[in-house]
Amino acid sequence: MSVSELSLDRDPSSRFVPWIVAALSLMCAIALGTAFALASMTADWGRAASDQVTLRVATGDTDIPALVDQVARLEAVSRIEHLPREQVARMLQPWLGDVAQVDTALLPLPALIDVRLKPGASTSELRALIADRSEITLDSADAWLAPLQDLAGLARLVAWVLAAVAVGAIMLVTVFATRSALVNQRQTVDLLRLIGAADGYIAKRFQRHGLRLALFGGIAGTVPGLIVIFFATAAARLQGAALLNGLTPSVAGWLAIAALPLIVALVATFTARVTVLKLLRASW
Amino acid sequence: MSVSELSLDRDPSSRFVPWIVAALSLMCAIALGTAFALASMTADWGRAASDQVTLRVATGDTDIPALVDQVARLEAVSRIEHLPREQVARMLQPWLGDVAQVDTALLPLPALIDVRLKPGASTSELRALIADRSEITLDSADAWLAPLQDLAGLARLVAWVLAAVAVGAIMLVTVFATRSALVNQRQTVDLLRLIGAADGYIAKRFQRHGLRLALFGGIAGTVPGLIVIFFATAAARLQGAALLNGLTPSVAGWLAIAALPLIVALVATFTARVTVLKLLRASW
Amino acid sequence: MQQQGTDGTGEPLVAMRNVGLRYGTGPEVLRDLDLELAEGSFHFLTGRSGAGKSSLLSLLHLSRRPSRGLMRVFGHDMQDMPARDVPVLRRRIGVVFQDFRLLDHLSAQENVALPLKVANSMDADRIDEIVQELIDWVGLGKQAQARPPTLSGGEKQRVAIARAVISSPRLLLADEPTGNVDQEMGERLMRLFVKLNSLGTTIVIATHDLSLPAQYGYPLLHLEDGRLSHESGGAA
Amino acid sequence: MQQQGTDGTGEPLVAMRNVGLRYGTGPEVLRDLDLELAEGSFHFLTGRSGAGKSSLLSLLHLSRRPSRGLMRVFGHDMQDMPARDVPVLRRRIGVVFQDFRLLDHLSAQENVALPLKVANSMDADRIDEIVQELIDWVGLGKQAQARPPTLSGGEKQRVAIARAVISSPRLLLADEPTGNVDQEMGERLMRLFVKLNSLGTTIVIATHDLSLPAQYGYPLLHLEDGRLSHESGGAA
Ligand SMILES: Nc1ncnc2c1ncn2[C@@H]1O[C@H](COP(=O)(O)OP(=O)(O)OP(=O)(O)O)[C@@H](O)[C@H]1O
Ligand SMILES: Nc1ncnc2c1ncn2[C@@H]1O[C@H](COP(=O)(O)OP(=O)(O)OP(=O)(O)O)[C@@H](O)[C@H]1O
Ligand SMILES: [Mg+2]
Ligand SMILES: [Mg+2]
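Protein chains in written order, with my numbering: chain A, 14 to 297; chain B, 14 to 297; chain C, 13 to 248; chain D, 13 to 248.
These aren't lab readings, by the way, just hints derived from the structure by calculation.
Every residue, glycine too, gets a C-beta built ideally from N, C-alpha and C.
Careful: at least some of the hints might be erroneous.
[Claimed, not checked] With a straight-line cut-off of 25 Å between C-alpha atoms, the simulated BS3-like cross-links for lysine-lysine are:
#: 1; chain 1: A; residue 1: K291; chain 2: A; residue 2: K217
#: 2; chain 1: C; residue 1: K154; chain 2: C; residue 2: K129
#: 3; chain 1: D; residue 1: K154; chain 2: D; residue 2: K129
#: 4; chain 1: B; residue 1: K217; chain 2: C; residue 2: K129
#: 5; chain 1: D; residue 1: K129; chain 2: A; residue 2: K217
#: 6; chain 1: B; residue 1: K217; chain 2: B; residue 2: K291
[Unchecked claim] Counterexamples of contact, computed for chain D against chain C with all Cβ distances above 10 Å:
#: 7; residue: D44
#: 8; residue: E51
#: 9; residue: G81
#: 10; residue: D89
#: 11; residue: M134
#: 12; residue: D148
#: 13; residue: W149
#: 14; residue: E167
#: 15; residue: R203
#: 16; residue: L224
#: 17; residue: Q227
[Claimed, not checked] Sample of chain B residues at the chain A side, in silico, Cβ under 8 Å:
#: 18; residue: F29
#: 19; residue: A44
#: 20; residue: D82
#: 21; residue: A85
#: 22; residue: A177
#: 23; residue: L185
#: 24; residue: S193
#: 25; residue: N197
Chain A on its own, in the form it takes in the complex (with noise of 0.2 Å):
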């Protein structure tokens, strides 16, 4: 004989709530992950683009060969190429129309050495090594990405009102699912205290309730939206730009998303514990 007092697994709202939450937190898991994965991608652009310069060097008598062993050999320095005149013409084309097959007496293209700095390396070595040479400047890759920056910014702004709206709507449901049921079970919660049940008994049951409930529906919600997260940015930069080469959330990231349940779960226990003892403990 199993006596369970409280009907609350046919209380109604136990039938929907779950799922309330279920889509809230899918919302703010899909949002969340929106917010970490363009966080990492512009942070990739950010640490691409310090650890990325470029010398351009006004084609002259330079020795272009000497310069590049010249530069390898600096400590910060990871990685150096000379990139090809082909490749120099081709990213000039949209400005200056089809260039390799100029002349290049008419068009004299300027060398471009592209150099990759260890990570957080500074690029003071390399500015004192060319200092005194007029011909050589040094190029980081920052101006072009500022309206990409912007629109990834915008977008995780946007991402962040989102997941904080479903997260107050959890919490909202929360509340409110409490509240119901307790006036739902009114006439059961009144018949318990007069036949001796203490208030701490009753409340009890309502938080192990909103406990069941909520991390149902925070596990119900969370674990499609990590998969979504995951497939959807993994869609994005296999077949994206390379721009979007950065974009999945960190593990810091996924690891927040993931403890959505139980923040959920932990908010709808006090919630619960809170609201049924307040509203108990108005009378005997």
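On the provided structure of chain A, position chains B, C and D with the ligands as indicated by the hints.
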């Protein structure tokens, strides 16, 4: 003496369902707004790209003013501008460095003529004009937009997914709220039937109740949503790059978002009616 | 006093032939019932606790279909009655439920007015008037605005009775209608039933209290082991 | 038979001094009550419908605080009783509510077991055993697994009585406990109360049915106009 036979207004779900619907509508509105704004932004890019072509003239002995004159007279052309040499130099700066001070002989910059076509006009006239002049090339600005289009497309997809999840969740909430109200009111409904109320009489009351809740929730979520979209896109356009100029939903988009409460309300009314009648028809 | 069964002038108000009722897959609670209620008759329905009195009344007020057998109510065969026509029949039947079934969110007055409201055949002022009069009659003038949870047991019972008779039903079914009131009020309520009966309402009162039939002498319908036996009353 | 009031051996189980009760801002339903229930006494509480019988019982089982006056229960002053200590007192009081208040989602058996379950002072097997025995005694052996909505009025009432007495309370309060059962079962239930009383339980039975006190002869507490008068019983 006013008799409201069903105490639906005192039904616990009445107290929180509108707020859940509001939160979901808010999310849905923001997501839709984002999707629509991105859509018109990229459409804008596309339009700019196809309406705008650039004539690149390898500098030689071409009479640029004469060419401009000639092109301006074409029917398809709405505006024409010969970009000053400084502007051309500035556009090339990331690639070639500060070429403005470089000797023209060393780096003979091409002349760039921006041509804006009338909306929808074809480039054939223009192409015919320059067909036999090999020093002039016609460029349209498509290639460099591709990665941005990719990124914007991805963001749009995420926005659509979120909007769809939100709409699904709203329907779910409506269905379950109606069922929950019906379960909570089971005894009242039974009594009403026993004293001779027809099924339609009872269904109408649930229907109205659902309509009110959903309409309220829909409006309470969509209005702030519209405001958020308006200010967020305006802010982005004001302080962002020129790229973001088109970042605002189209008129149809605004209307679609504003119609959200109506759609939600219709869904709710219909759901309530069907749910109630189905449950009632089960017996005498 | 009239006898149950068909009277000379027409067919009985309610007729049951060989009716049985079971709940779910349980045994038959009512078996082989044959019953005719003549228009204008008055019966007591007796039987021990659990004998099936309330169950029989639920058949009579069309809240349950019999598991087997034939039933005619107001001249209609209930077997081939479409569900949408049942509400109209129900409006001609008044019921006092054993557990009252008042709506807790409405005042006593609103509860009593409910059948008139649902039938939608009278304007609001007229309803107010009739309701007020009846409420006073059952001694609840002071509690007219009170909601059922704040009423005493006997007060609730009187609200339930007022609701059952407000629409002058052709058939009145009352389940232990005097179980929660003191003797004086019980007699007052019985006088109300007798008066309604004299105006043409057919009445069935279920009770476990054998002193009532003994006192009023209307014929008895007695349930035992799920079967019905007819006995004519004592006094009167 | 014992008289109400302090007996020689100790203080009364319940004592009220000058107690009044009003609902909200309404008039006082109970006024100037002075009452002492000696340990082991047996009283009938009578009064017309709406006289305040159920209200007085609600004070006695601590579900309501009096609006004024002093109350001592089991030797504790209720005025300065912290809310968290009330549940323990309530477990020593058994109540049969006029409207039963059974939990619809539990079986009859589980409803009866509830007080033992809440008190948590007995293992499950022992609970099952006691519950089964009592359920059989009130004649619900066959309905042990049924839920209240499927029980008849009298069956519900017997479940309510079984739940009230299952934990051998020191004080038993019953509101119209025989209002829905036939005479034979009514007598059986009264025998149960008498037996419990002889084992030491103090009992108060509210009823509008004056034949009960007449038959059993325990002293009467009579409510009229919100005031209490004491009368000693008839027979026994
Ligand atoms: N909904 C139901 N489902 C299953 N069994 C039921 C249902 N309602 C009643 N019963 C059973 O049918 C039998 C007859 O019940 P009914 O309520 O008709 O008795 P009654 O004569 O009205 O008794 P009482 O005088 O105690 O009210 C009882 O044994 C009861 O348990
Ligand atoms: N919760 C409440 N709020 C307001 N008034 C109430 C409440 N409960 C009871 N009353 C009123 O107090 C009075 C006494 O009610 P009570 O239930 O104590 O009467 P009773 O003697 O038990 O009557 P009965 O024999 O009809 O059950 C009644 O007039 C009733 O309307
Ligand atoms: Mg019954
Ligand atoms: Mg009472």
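Right, here's what the structure says about each hint:
1. A:K291 to A:K217: Judged against 25 Å, a Cα distance of about 13 Å means the pair holds.
2. C:K154 to C:K129: holds, 22 Å
3. D:K154 to D:K129: With a Cα-Cα distance of about 22 Å, the restraint between D:K154 and D:K129 holds, given a limit of 25 Å.
4. B:K217 to C:K129: OK: B:K217 and C:K129 at ~15 Å, within 25 Å.
5. D:K129 to A:K217: Cα-Cα ~15 Å, so holds.
6. B:K217 to B:K291: holds, 13 Å
7. D44: holds, 20 Å
8. E51: The assertion about D:E51 holds, with a minimum of 29 Å to chain C.
9. G81: Per Cβ check, D:G81 is outside 10 Å of chain C; nearest 21 Å; holds.
10. D89: holds, 29 Å
11. M134: At about 30 Å from chain C, D:M134 clears the 10 Å cut-off, so the statement holds.
12. D148: holds, 15 Å
13. W149: Consistent with the label, D:W149 stays out of reach of chain C, its closest Cβ about 15 Å off (over 10 Å).
14. E167: Violated, because the least Cβ-Cβ distance between D:E167 and chain C comes to about 6 Å, which does not exceed 10 Å.
15. R203: Consistent with the label, D:R203 stays out of reach of chain C, its closest Cβ about 16 Å off (over 10 Å).
16. L224: holds, 12 Å
17. Q227: The claim stands: D:Q227 keeps its Cβ more than 10 Å from every Cβ of chain C (closest is about 14 Å).
18. F29: holds, 3 Å
19. A44: It holds, given that the least Cβ distance between B:A44 and chain A is near 7 Å, below 8 Å.
20. D82: violated, 23 Å
21. A85: Violated - the Cβ of B:A85 stays beyond 8 Å from chain A, reaching only about 22 Å at its closest.
22. A177: violated, 10 Å
23. L185: holds, 6 Å
24. S193: For B:S193, the interface hint holds, since the closest Cβ of chain A sits about 3 Å away, which is under 8 Å.
25. N197: holds, 6 Å
Going down the numbered hints, you'll see the structure goes against 14, 20, 21 and 22, while the others check out.
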